[in-house]
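What follows is each chain in one-letter form.
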Amino acid sequence: MLGKSLLAASALLLLGQGSAQAHHSFAAFFDASKIIKIHGTVTDFHFTNPHGTIGLDVTDAQGKVQKWRAETNAPVVLMRRGWSRASVKPGDVITIEGWGSRDGKPYLRLRAAFDADGKPIGQPFGQSDG
Amino acid sequence: MNGTRRMLLAGLAAMTMATMAVVPLGAAPAPAAALSPPDLTGFWSLDATPHANDPDLIAKLPPNTVVLDDTGVAEFPSGDYGGLKPKPDALAAAQKWKPQDEMTLTRVCAAPSVVYAIQGPFPFEIYQTPTLIVFKYEYFDQVRLIFMDGRGHPPADAPHSKVGHSVGHWEGEELVVDTTHLAPATITNNGLDHSANIHMVERYKLGANGKTLMATQWFEDPEVLDNDGARFIQWSKKANSYVFPYDCDPSFATQYQQIGEPGDAGK
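Chains as they are written, first to last, in the numbering used here: chain A, 198 to 327; chain B, 5 to 271.
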């Protein structure tokens, strides 16, 4: 039952209606005050409920590759924001912005994603979330 | 006017005359709502804009009821049950719960019951007939049949499910739905579960423009709670929309479990 929790937490944060700390599941997994941005190459994209995920190989300043995973809203929500299972594919170079994992793992909650040209993938978070 | 249309009109005229013939002279006309209840049919999406609770619906809640403030996008943090008063055993169980416990193949796609599910930020569709109303939810593909034909609930030991057994009736412009036979599941998504004997009553009504649907969701569960709970929920009607299949995939749990540890760079 994480779908509602994480969607809710993120939506509330952006709408400014309250503290994301009030959302236990989101607060348990992600730090609402820790916005991070990663840039790398897509390794896999799972467009399935309760949450989609994007695997990303991120090369750090020392040239080491770290495997990250970004969790998205439920695809039923993403579809209303212009996403599809073809929005990203392995080999794509993308940038993901989101909330970092509370436990420090290479894991984040996607708030926005951009393609190699810097164009947003889908609509900005919080619109057409129905 | 073709022959078929003439026959239909003639039939309607005859039916009208027959109806008029059985109404006693001087009898007050039946209220319109009794003849034609509001049509709730449509695609309804949670109204995430700030709005006040409908005072008339709130006023109809029984005493000893706390209205939970976790509808839609809001949720309570661990240990906060919004004013519900769990009995000691229920409270002890809730305090042991950890969110990470849900991230397993067997748990991550476990649907909540409608006690929790109906107030979330996912849309649903209503299909309405005089004897049956169908609620089709996007969240976990849940479907509820609201029997409007006067039947009661099945025996107490009949099978339970996450959508339960619902019977409904109209009270003026309001649809009242009574639900039992709900399988135990979360109430507030933070460890507090209801029992198999929870009893839920929802009261739905349209807003003045017909584009807003409002409801109170009241529940009692004496095995678990020392007081009763309720939520106020509001949705907006959207044209040309429909719920998508949810078809939960538990491999999400595996993806989570395979995430590297902090500082795993290069692995």
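Check each hint, because a few of them may be wrong.
With a straight-line cut-off of 30 Å between C-alpha atoms, the simulated DSBU-like cross-links for lysine-lysine are [as the list claims (entries may be wrong)]: (1) Lys264(A) x Lys231(A); (2) Lys89(B) x Lys215(B); (3) Lys264(A) x Lys102(B); (4) Lys231(A) x Lys100(B); (5) Lys242(B) x Lys316(A); (6) Lys91(B) x Lys140(B); (7) Lys264(A) x Lys286(A); (8) Lys100(B) x Lys234(A); (9) Lys64(B) x Lys140(B); (10) Lys231(A) x Lys302(A); (11) Lys302(A) x Lys102(B); (12) Lys89(B) x Lys102(B); (13) Lys215(B) x Lys140(B); (14) Lys209(B) x Lys166(B); (15) Lys261(A) x Lys302(A); (16) Lys302(A) x Lys242(B); (17) Lys102(B) x Lys231(A).
Here are a few chain A residues that face chain B, going by a calculated C-beta distance under 7 Å [claimed, not checked]: (18) Phe244; (19) Asn246; (20) Pro247; (21) His248; (22) Lys264; (23) Arg266; (24) Arg282; (25) Ala283.
Only part of the chain B face toward chain A is listed, based on derived beta-carbon distances under 10 Å [to be verified]: (26) Pro125; (27) Glu129; (28) Tyr143; (29) Val147; (30) Ser245; (31) Gln259; (32) Ile263.
These aren't lab readings, by the way, just hints derived from the structure by calculation.
Positions of the beta carbon are idealized from the N, C-alpha and C atoms, including for glycine.
Would you pick out the hints that fail for this structure and give their numbers low to high? Violated: hints 2, 6, 8, 16, 18, 24, 25, 27 and 29.
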